[in-house]
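Q: Now for the letters of each chain:
2 protein chains.
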Amino acid sequence: MAEQREKVAVIGSGQIGKSWALLFSSAGFQVCLHDNDSAQLSNVLEDLKGQLMTLTSQGLSRGKLDPEEQLKHVTLTDNLAECVKDAGVIMEAVPEVMEVKKKVFEQVDDVMKDDAILSSSTSSMLPSVLSADLKHRQQFLVMHPVNPPFHVRAVELVPAPWTSGDVMQRSRALMVRLGQAPVVMKKEIEGFVLNRMQFAILGESWRLLKEGVVGVDGINKAVWSGLGPRYAFLGPFQVGHLNGPGIKTYLDKYGPTILRLQSSMGPAGLMGGELAEEVEREMIKEVPLDRLAERRRWREVRIAHLSKLKRDIDLQEKKEIEEGKLEPLP
Amino acid sequence: MAEQREKVAVIGSGQIGKSWALLFSSAGFQVCLHDNDSAQLSNVLEDLKGQLMTLTSQGLSRGKLDPEEQLKHVTLTDNLAECVKDAGVIMEAVPEVMEVKKKVFEQVDDVMKDDAILSSSTSSMLPSVLSADLKHRQQFLVMHPVNPPFHVRAVELVPAPWTSGDVMQRSRALMVRLGQAPVVMKKEIEGFVLNRMQFAILGESWRLLKEGVVGVDGINKAVWSGLGPRYAFLGPFQVGHLNGPGIKTYLDKYGPTILRLQSSMGPAGLMGGELAEEVEREMIKEVPLDRLAERRRWREVRIAHLSKLKRDIDLQEKKEIEEGKLEPLP
Chain S
1 MAEQREKVAV IGSGQIGKSW ALLFSSAGFQ VCLHDNDSAQ LSNVLEDLKG QLMTLTSQGL
61 SRGKLDPEEQ LKHVTLTDNL AECVKDAGVI MEAVPEVMEV KKKVFEQVDD VMKDDAILSS
121 STSSMLPSVL SADLKHRQQF LVMHPVNPPF HVRAVELVPA PWTSGDVMQR SRALMVRLGQ
181 APVVMKKEIE GFVLNRMQFA ILGESWRLLK EGVVGVDGIN KAVWSGLGPR YAFLGPFQVG
241 HLNGPGIKTY LDKYGPTILR LQSSMGPAGL MGGELAEEVE REMIKEVPLD RLAERRRWRE
301 VRIAHLSKLK RDIDLQEKKE IEEGKLEPLP
Chain A
1001 MAEQREKVAV IGSGQIGKSW ALLFSSAGFQ VCLHDNDSAQ LSNVLEDLKG QLMTLTSQGL
1061 SRGKLDPEEQ LKHVTLTDNL AECVKDAGVI MEAVPEVMEV KKKVFEQVDD VMKDDAILSS
1121 STSSMLPSVL SADLKHRQQF LVMHPVNPPF HVRAVELVPA PWTSGDVMQR SRALMVRLGQ
1181 APVVMKKEIE GFVLNRMQFA ILGESWRLLK EGVVGVDGIN KAVWSGLGPR YAFLGPFQVG
1241 HLNGPGIKTY LDKYGPTILR LQSSMGPAGL MGGELAEEVE REMIKEVPLD RLAERRRWRE
1301 VRIAHLSKLK RDIDLQEKKE IEEGKLEPLP
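Chains as they are written, first to last, in this note's numbering: chain S, 1 to 330; chain A, 1001 to 1330.
To be clear, the hints were calculated from the coordinates, so they are not data collected in a lab.
Note that the coordinates shown come from a computational prediction; the quantities given were computed from them, not determined experimentally.
All the pointers check out, no bait thrown in.
Below, computed lysine-lysine pairings styled on DSS-like, alpha-carbon distance capped at 30 Å:
id, chain 1, residue 1, chain 2, residue 2
1, A, Lys1285, S, Lys310
2, S, Lys103, S, Lys186
3, A, Lys1310, S, Lys319
4, S, Lys113, S, Lys103
Whenever a hint applies, use it, and build me the whole structure from the sequences.
A: Below you can see the structure in the form of structure tokens.
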């Protein structure tokens, strides 16, 4: 007798929708993938199979099923109500256009199970705005993945003011089960967490560039050859905790300096205009516009290898702990 | 006949001094390592040998020499003048205390070759302050490495207003020859580049924490499982260039949002006090203070593996380009 799999509805068959389908099916869920555009759906299974084969051949796959087996648990449909009505989890991943998303949620609202999780993959829209008029707005949250989600584990979980605590907890557990790293927010804020941090780095970069302190290449290099390698393994408070020693010592020591530096240059001002053109000229010397797609694959390959490296080291560490060679941290 | 090796004087035999000694000797330089404290010097060669053996056994060493052979080119002395007088490059790495550093530079100033590069490893002092009174101040700059320098390639090159262009160019070439990634600054600024960017991330983290948007764990996770993996390979303008598509499109698109977000919360305020204690309580649950040293080794192992991973992928890419399978970027 076939086991009863939990059902997930994924709405939208673009890159993010396909990534969710891969992640959920790898973790043993039954996935229904919906798209309005039947033509778009016709290539989805081939595409997913190709991705899974590549991952498997590189030793980067996550699940225990072989690709053929796994994809038996992905069904496709252009009928939204069919897809959604008995799903315990509904993952919206349609284009980043407010009206398009809102229309989907209205339709889903009428047919979804009362206790289902209803999630948007938006990177920029506030959950309160997306869900204000829904009957099921307590079931609603944003789960924002980072590209490429199969290799970058962070997913931001953003509640609206009315999202139930139970939905947040279940969503968190769900992401852990998929092997993702849930960044659970306590309340919504524009830019969420990741983009705000990214913008903070970009803002400081822009300031340094504008003030003529360092060039485009130097700014990039400071990150990929300096800060990036540590941030691949540790967050800002973890770094401070190690260096302090202890995060309190660190913050007490650098707090006044940081405050002074932040006040010293004033706001970054609007990015864009002539300086942005200058930056683009520099960047095009490195990667011409017609080779960006290729360079994105370059990035994806490296991030995938880093993801595997981290997993391999963690497994090795787990083994050493089990063998009593290493004392686990609390 | 023995080949004539270029001579480097490294002043100070702490972690940074030893790292410089390793890097320069790996690259084929003759290194003279100086410390006032002869007792401290007695263990240096054993320590360097241990580090080199570990690196070699893990396939992480850089040079082509075996450890014994390489260390034949490192000599130790407690005589500063002897060490410095015929060196083409002088790397100061004494404790981060202004008066201690200034005293070293005064002594060096009297005996150094007129065309030698005179460099401080300081992470926080401005080169103009350190070198103002030196006869050889045109030869002076800061070269600030990032821990651990053998695996994190970034080195910030910071000129004083009077540092000669020739010294900056030679210093840059020197770092490239060591296999480091020089971040060449055009003028000095407090915090240099890396720390300013690190402080920008930390400032935003503090703000998000203070506003109750997300907890300590969420902030750390957003970085190590989200932003970090991309920053391990790409700087902020490179990320924007890929996502834009093109950095100008990216900056034009997000510029207004970034400006608005930056203005929306006001300054971060002084870090420290009660909230810092709360952060410390959280962090201690993860890593108790008496296990920080162990956790630093945990970090170092991971960063070393990432460094090797990057090198291996780059070598593979180079091979594919040589075989005509891949078209090089400009």
